[in-house]
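Chain order of the listed sequences is F and P.
Mapping the first sequence onto my numbering, position 21 (from 1) lands on 21, and the numbers just tick up by one.
Quick note, my numbering runs 180 ahead of the 1-based positions in the second sequence.
One should not assume that every hint holds.
Unchecked claim - Restricting the straight-line Cα-Cα distance to at most 20 angstroms, the calculated cross-link-like pairs of lysine to any residue (SDA-like) are:
1) P:K525 to F:N108
2) F:K83 to P:R502
3) F:K83 to P:S473
4) P:K525 to P:T279
5) F:K83 to P:Y498
6) F:K83 to P:E444
7) F:K83 to P:D487
8) F:K83 to P:H504
9) F:K83 to P:E484
10) P:K295 to P:S349
11) F:K83 to P:R499
12) P:K525 to F:R106
13) P:K525 to F:K83
14) F:K83 to P:S349
As the list claims (entries may be wrong) - Derived Cβ-Cβ restraints for the label pairs, each shown as a range:
15) F:A141 to P:Y498: 35 to 43 angstroms
16) F:P55 to P:K532: 53 to 61 angstroms
17) F:Q144 to P:S328: 52 to 60 angstroms
18) P:L456 to F:A26: 13 to 21 angstroms
19) P:T306 to F:K37: 16 to 24 angstroms
Simulated from the structure, these hints should not be mistaken for lab results.
Quantities reported herein were computed from a predicted structural model and do not represent experimental measurements.
Just so you know, even glycine gets a beta-carbon here, dropped at the ideal spot from N, CA and C.
Okay, here's what each chain looks like letter by letter:
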Amino acid sequence: MSVLRPLDKLPGLNTATVLLVGADDALLQQLADSMLKTDCASELRVHLARSLPLPSNVNRPRVDLLVFVINLHSKYSLQSVEKSLHHVDASFFLGKACFLATGAGRENLCSVHRNTVVRLAHTYRSPVLFCDLEVEGSRAAMAQRLARMLQISAGHVPGVSAMSLLSLLRSSESPSLEDL
Amino acid sequence: MRSALGGGLGLQLELHFSAMQKTMDPYDAPESTPRQHPSCSLKEYFLAATPLQRRLESVRKQATSFVPTPPRRRIPQRSQLQEDVDPQKVAFLLHKQWTLYSLTPLYKFSYTNLKEYSRLLSAFITAEKQKGLAVEVGEDCNIKVVFSTLLGVKGTQSDPEAVLVQILSKPQLPSEDREAKALWTGWFCCVFGDGLLETVSEDFTCLPLFLANGAESNTAIIGTWFQKTFDCYFSPLAINAFNLSWMAAMWTACKMDRYVAATEFLWSVPCSPQSLDISYAIHPEDAKALWDSVHRTPGEVTQEEVDLFMDCLSSHFYRHFRIHLSATRLVRVSTSVASAHTDGKIKIICHKYLIGVLAYLTELAIFQIE
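Chain P on its own, in the form it takes in the complex (with noise of 0.2 angstroms):
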């Protein structure tokens, strides 16, 4: 194990990390009850009802299940892409550090006016870069807009299609052979999305994940774009610390043949006058290690493993820094599956589980939107 401090302190100490085990009483917490399902019960009886009766129903359901409240239980998504997407097809998506918004569901989007829409977008987009800059001749019309669907990227079959936008520079010169760079990437998804999928009307199509790369103009015009278009809503979608640390657990817990990357944790203390910020890296098997020795039935991930895995951590920590990790906020979590900052960046390392990543990065945003 490596520790880091930053901030002019310099500090660096080889230690030799073995596994811990930790005691914690836990909470006299009620029998744990797998999370009831609202959708199943939902569909007997309210097969006519209108999407405002079946949200009320769900809304009123989680609302009398909500105390007393069991521990959280989450199931890791071990499962692999489907079958009809090729992993060459998706491999862009790797490696790019991606901002995440959360987005409500669109208004009359159709799947077959992508061409209409790529249009549409592209006259826009130049019409605003042209508006009130004369000065600029030439360096913004040669752009194009693609739409296209990212087949695959969905976790059941009941969730719609990906859509993938790409803004890409036009060749100069028709004569010249090289390929269209792309300026500004943005895709939709919905990853088992039942939740949201149930509650809206077939008008629309629930598309509550958006990841963007590029520049920040192009990601505020494309998604006036949307907004006046499709009469939806974009709001930046943060991560707190709380959520950066199930995702520490759920990615250590995943199954990897090689790890490509240290496990890292970058903590922010408040203090003044700047902030300083603890970085923290673990040898990758040492910290699978730890966790399969918290963890305990396989295929599920439970509120107290997580706790105790960051518990764990945080006390080996204080042993030989004498710094209460707890009372830090958690700020970036890496792994080699993937790397997430609390300011909603993500970067998805591993293909086998992009679908796990977007899954647990598609609850959050539905949670931003309800």
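Only chain F is shown next, with the shape it has when bound in the complex (with noise of 0.2 angstroms):
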């Protein structure tokens, strides 16, 4: 079983390299294409995968960011990147790991609760972003928030890092840690 590390591969010369694992395809796949759209200084490559562990025989470029996408209005999204999350190294969730949350506009479709996904997004330290990624406007503002946040963990804005970020977010969310 192959574990996803942040740091066992070479980065590329001005590539930053964004995994989205989620259960929905056709979300992942319109979350990307914004993505690339947006312009942005480094060059950008999106990896879509369904679910953890990767297979091991494709030859690819070091993940930079991990972003995991649940679809509020599946019990079946949750369950699967709750197993996702098995596979992934610790110092993934240093500030190169998030969680998206989608559909939380709609009430009545949705199966899961909001407060479920904050709980598993706050006991992996990590900050969880809400969006509508149906929605064509909500879909390209997270599209721009997260090649930010991908340049950012990338290395490729001077003066702030990975873990700076994930301290930035961390303040405005959960005050009190010592909670847990």
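Combine the two chains into a complex, taking the hints into account.
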């Protein structure tokens, strides 16, 4: 069983790779298209996966940012993300991983409570972002946000590292970590 | 257990259901703290505060206690109806399909003016029905609206009394002795609505849950009258899959002497060209046995127990049919206590747990208002 590690490969020149993991193929594809449309100084590469572990026979670049996409309308996507989390090295959760929850706006279709995802993200000490991937505007805004986070995780932004971004994002959301 | 797949497959299997033990790793969830009820300390400090200040304080308290979020705990209401209720009087509420709406607090609604309201509403309905329809003669003129209170349909003493509105058809001939037929019935209630009652001023009456049975046109007309007269707002209350699974767990947990119906679930599979429906029926005693094996603390239901209960059912289904029920959407839950549909339709079957069912629905209505 191969575990995904953040620093096991050399980085490419001016390229940043993001791996989107989620059970909903259509949503991931749309998000990937939106991300590639954002204009960004670095060259973006977007990889999609339904679950981890990834097959080891493919030659792929180093993953700079790992995004777990959970569709709140489907419990199955939450379960498949939970299973995939076991195949990720712990050092990914130092700012190179985040959770993306989609579909919170449409309350009547939700099978998963948003608190469940918030608690999951809290357990893994990673930020959780909410958006509606089926709405064009929200998706484009989230794609821009992820592109920026990706640039920081890949080290292309001088002065800001993934860990410092993580501590910036954390302080506004969860003030009392001692309770855990 | 009997499982049936709709949509033309017609596959039926008789399967023996045995209680399953499934281990699930819970998250490193924070230590569960009992849900902080903001109103207790609010009363001490804000006795003379305006309603707006009280509301701001409760919202601020909820915001700070939001993170880290404790696992939601809910106590199943096993209470019986209060002593001053005649079970026969509320028997007409059972076995009927009600459509749910949430209602914002009513301004200057008075329980002493019910006859006045009956008169005004009758006149309004007659006027609306005659508007622009000169051809229909005599059909709708013989209706009468009756407002009354439903005693005992509430949770605590501070809840306002439930109000019942009925549109009755007057008998055509005065010599006939037959009873007036109810064309449309609707009732407003508030069961354990402490969270909302704390934050409104005395001019408002909080009856957040509205249940209607009858023609949709009548519901619309009555809704318009209430909105104009009491400055409130109706909105349809939909129940999402998450809340339906809570209902399934809570109702399965209820102790019943006699089960009148099987425990049934209906799932909707999103696929093209037309969606597939999966109906899953379990013998009620098996469902109770499964719940008892999952349940730990008596008197409380936790999120983990509800998830485990539903996951056991899903994994059993997966083992036989290789279909992940978690990828589908729960649309309907039906037990011996009550049955609920995601479009906001409810049917209460057991009178013992009427208050319990209404309490959960009131909570959903209050949540939607806020």
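Exercise. Taking 20 angstroms as the top limit, are the C-alpha atoms of F:K83 and P:S473 close enough?
Worked result: Not OK: F:K83 and P:S473 at ~25 angstroms, beyond 20 angstroms, violated.
Exercise. Taking 20 angstroms as the top limit, are the C-alpha atoms of P:K295 and P:S349 close enough?
Worked result: Judged against 20 angstroms, a Cα distance of about 17 angstroms means the pair holds.
Exercise. Is the straight-line distance between the alpha-carbon of P:K525 and that of F:N108 20 angstroms or less?
Worked result: Holds, at about 13 angstroms.
Exercise. Hey, F:K83 versus P:Y498, does the alpha-carbon distance stay inside 20 angstroms?
Worked result: Between F:K83 and P:Y498 the Cα gap is close to 17 angstroms, so the pair holds against 20 angstroms.
Problem set entry | Cβ separation of F:Q144 and P:S328, checked against the hinted range 52 to 60 angstroms | 58 angstroms, holds
Exercise. Are F:K83 and P:H504 close enough, with their CA atoms no more than 20 angstroms apart?
Worked result: Answer holds: F:K83 to P:H504 is near 15 angstroms, not above 20 angstroms.
Exercise. Between P:K525 and F:R106, does the CA-CA distance stay at or below 20 angstroms?
Worked result: 19 angstroms, holds
For this session: Starting from F:K83, check that the Cα of P:R499 is at most 20 angstroms away, please.
Result: 18 angstroms, holds
Problem set entry | Pair hint outcome, F:K83 versus P:E444 [Cα-Cα no greater than 20 angstroms] | Status violated; Cα separation ~29 angstroms.
For this session: Measure nothing beyond the straight line between the CA atoms of P:K525 and F:K83; if it is 20 angstroms or shorter, mark the hint as holding.
Result: Judged against 20 angstroms, a Cα distance of about 36 angstroms means the pair is violated.
Exercise. Does P:T279 lie within 20 angstroms of P:K525 when you go C-alpha to C-alpha?
Worked result: 5 angstroms, holds
Exercise. Holds or violated: F:K83 with P:S349, Cα cutoff 20 angstroms?
Worked result: 60 angstroms, violated
Checked against the numbered hints above, the structure violates hints 3, 6, 13, 14, 19; every other hint is satisfied.
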